[in-house]
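**Q** The listed protein sequences correspond, in order, to chains C and H. The letter at position 472 of the first sequence is residue 472 when you use our numbering, and the numbering goes up by one with no holes. Throughout, our numbering is defined as the position within the second sequence, counted from one, plus 1000.
Hint data in this document are derived by calculation from the structure and do not stem from the laboratory. On a predicted model such as this, the values are computed, not experimentally measured, just so you know. C-beta atoms are modelled at their ideal positions from N, C-alpha and C, and glycine is treated no differently. Please note: incorrect hints may appear among the correct ones.
Pair ranges (Cβ atoms, derived) [unchecked claim]: (1) H:A1338 with C:P4: 34 to 40 Å; (2) C:Q2 with H:D1297: 56 to 62 Å; (3) H:D1328 with C:G339: 45 to 51 Å; (4) H:V1047 with C:L302: 26 to 32 Å; (5) C:A478 with H:R1014: 20 to 26 Å; (6) C:A248 with H:D1297: 56 to 62 Å; (7) H:D1297 with C:E72: 41 to 47 Å; (8) C:A148 with H:D1032: 46 to 52 Å; (9) C:P279 with H:T1005: 49 to 55 Å; (10) C:D111 with H:A1231: 20 to 26 Å; (11) H:A1338 with C:I441: 17 to 23 Å; (12) H:P1317 with C:D59: 24 to 30 Å; (13) C:A301 with H:R1014: 54 to 60 Å.
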Amino acid sequence: MQMPVANAAIVARRAAIVARLRQAVPDAVIDDPAETRAYECDALSAYRCPPLAVVLPADTAQVATVLRICHEEGVPVVPRGAGTSLAGGAMPTADAVVIGLSRMTALLQVDLTDRLIRVQAGRTNLSVTQAVEGQGFFYAPDPSSQLACAIGGNIAMNSGGAHCLKYGVTTNNLLGVTLVLMDGSVVELGGPMGEAPGLDLLGVVCGSEGQLGIVTEATLRILPRPAGARPALIAFDSSETAGACVAAIIRAGILPVAIEFMDRPCIRATEAFANAGYPDCEALLIVEVEGTAPEIDEQMALIRQIAQGFAPLEFRESRSEDESRRIWLGRKSAFGAMGQINDYMCLDGTIPVSALPQVLGGIAELSRRFGLDVANVFHAGDGNMHPLILYDANAPGELQRCEDMGAEILKLCVRVGGCLTGEHGVGVEKRELMTEQFSDIDLEAQMRVKDVFDHAWLLNPAKVFPLAISAPRRQGTADAA
Amino acid sequence: MRPETEAELAQIIRETRVPLSVTGGGSRLRPDEGQGQRLETTGLSGVVLYEPAALTVVVRAGTLLQDLQQILASEGQMLAFEPDLRPGSTIGGVAASNSSGPRRVLVGACRDAMLGVRFVDGRGQVISNGGRVMKNVTGYDLVKLMAGSRGTLGVLSEIALRTAPLPPCAVTLALPGLDAAAALPALTAALSGPFDVSGAGWLPDAGVLLRLEGLPVSVRERRRALTDRLAPFGSLIESDAALWPRLVPRMAQGDLWRVICRPSEAPALLAHLPQVLAMDWGGALIWADLPAGQAPDLPPWSGHATRVTGDHAMTLPATAPLVARLNDSLRRRFDPRALFQGGA
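Full structure from sequences and hints, please.
**A** Shown next as structure tokens:
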């Protein structure tokens, strides 16, 4: 992983910059190398770097103060939610100040008439739902890291989750944000229904990986909690058949809240780890539907009828809370289970559902060519693949081989009409692959947006765009567009 | 001018020396728009790719909305966001105006169903963004920036959209006799429970309108539960699906205004809007008829009001200076010669 060389002039002024920050926000600055260690990386822990300093502000005003100072000093800033990014989106450089949102967890407003909740951006995803579930509501986007991840990070990455087939991702559930720009100015974006006159600035801020501003407060849409939910587990003798069944369910006009897919290597590892009682099969689907009991019965009957057409090895419809829990247990333990047996790299490419058999075949072929095993687990309803490439981190050269193979899989996703990342983001990880999906003109158009919000390219600068392409802007040598 | 290909469109834009007025069918123009030389996109038409099993369709921007809806219906599908049908309306115009119907309360706006775009910017460059898959966080989401941008950043040439299954069963229900203010708590009650209401509006002559869609048993179940929940407001009767298009009024005696608010703010706004033609989105969208040329005297609220018909454009309250600056800077970057902003 190549990162730009830290600006030596900034590193040399470290003491003065820290002193200035400390004077402005006395109890919020961390510069002891032992304490900044925790901020050297996010959940992509293979890559790390100690930051210049870390600041943990308490509110929008403090974020604005810190950004103003960094702007004046020409210091890059890396925003950080809870550090659960899997693409190195919050990875610092040695000349950068990390602004962490971990102290900004306040619940600011709950309004049931308008069906919205306003929170500080450091609040965790799950605690948003917990704040309103007593009144029969929930916040829909549910990334797997929802216990730990922060709403601000969710907005930066436009996070999704297992239930987005029905409820959409963050951008579809975000009504407004308070955004602090790099120069310290504060702006409110969005409004009722997420709409504001003029351009949809909220829409472009969401998913911009912390490069346009720092979100300090967010207004989120909350939804009435469904009466109930029930999963079914459907086992197949081939991945292709499972994929065809997914297409048939969607084609039939049923919109389950989730359709999850696991293949044999993943099922085996999960069974050894969590013992969920999954059948012995090549591939399985977990299909969940919602509603009252009669509504669920009606949808399940249709799904069963469709699945029968694909001669499933087993159709296991949950009959109790405990059975539902066990059906989900394996899927939810999949990543941990794989980690128990091996080092792995988790990919995140998305494909049109119709290309599923072709892509699964292609992955198997790459697996043979590179000599690395792959386990597949993914959100089948929306085509978001999570191939896990297994490798041995201690074997010389194996990480590189794994990365090369990962790049080939992502290129395959793009070739069949998909994209490089469905939910994890580009970060530092997939930066150099962006030219697979976009032309230079396409990337230039995106970079123009950053020029407008952060003309000196100080916010999270070496992410998202290939380093060579963004270099003139980061180094201040680009022509004024 | 009426280009037949994206390349031709790009060439026209590169070579033009006069401001352009980009239109599809010209059916959604607002005051002050459409003053430049007419550039029609209707030559860029046709479905590029339709995958019913992936719930996606990729279509050229000048395709007639009606034609697209017919193609989707032949596969038992529809556009999820329910744009209102106008004669000559194109899908590009729908996207550029982010036209989103009653179903927005359940499935979101046009922008939420837009998966990818191709467009030609003011420099004549062809730009692609997004894709044709539902989940995509690769780079910045310029798709949202284009949705509702009313042709001020570039000319859409192609749009990838999410489709939805046509519901096998649908029922329109009404609570007649409620005035606009009395309708609001009933709408809120309907949207605050697990009923999956796919339309929640109000018309002066029909009262509260609610819609349930889905599988037959499911619709019956939810209808029963909703009837119980709304009992304090009256008895829910079956009504006419033909009423839904009327929630998007097109004409007024004076000027037609579109007011966006939080439903909790609607009562205060209603008190200042003498002639309310319709409410949609559970009270978050109010359509009002105001004397021609006059600006309404509205109390402070968190939304905005836009004049949709009349002699001149107007939006209240004035956009915050910093937001206005961001808007202007973005427009300048994508359209440095101000080709698309001649009159707007």
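**Q** Next, verify each hint and record whether it holds.
**A** Here's how the hints hold up against the structure:
| no. | hint | verdict |
| --- | --- | --- |
| 1 | H:A1338 with C:P4: 34 to 40 Å | holds (36 Å) |
| 2 | C:Q2 with H:D1297: 56 to 62 Å | holds (60 Å) |
| 3 | H:D1328 with C:G339: 45 to 51 Å | holds (49 Å) |
| 4 | H:V1047 with C:L302: 26 to 32 Å | holds (28 Å) |
| 5 | C:A478 with H:R1014: 20 to 26 Å | holds (22 Å) |
| 6 | C:A248 with H:D1297: 56 to 62 Å | holds (57 Å) |
| 7 | H:D1297 with C:E72: 41 to 47 Å | holds (43 Å) |
| 8 | C:A148 with H:D1032: 46 to 52 Å | holds (49 Å) |
| 9 | C:P279 with H:T1005: 49 to 55 Å | holds (53 Å) |
| 10 | C:D111 with H:A1231: 20 to 26 Å | holds (24 Å) |
| 11 | H:A1338 with C:I441: 17 to 23 Å | holds (21 Å) |
| 12 | H:P1317 with C:D59: 24 to 30 Å | holds (26 Å) |
| 13 | C:A301 with H:R1014: 54 to 60 Å | holds (58 Å) |
Of the hints listed earlier, there is not a single one the structure fails to meet.
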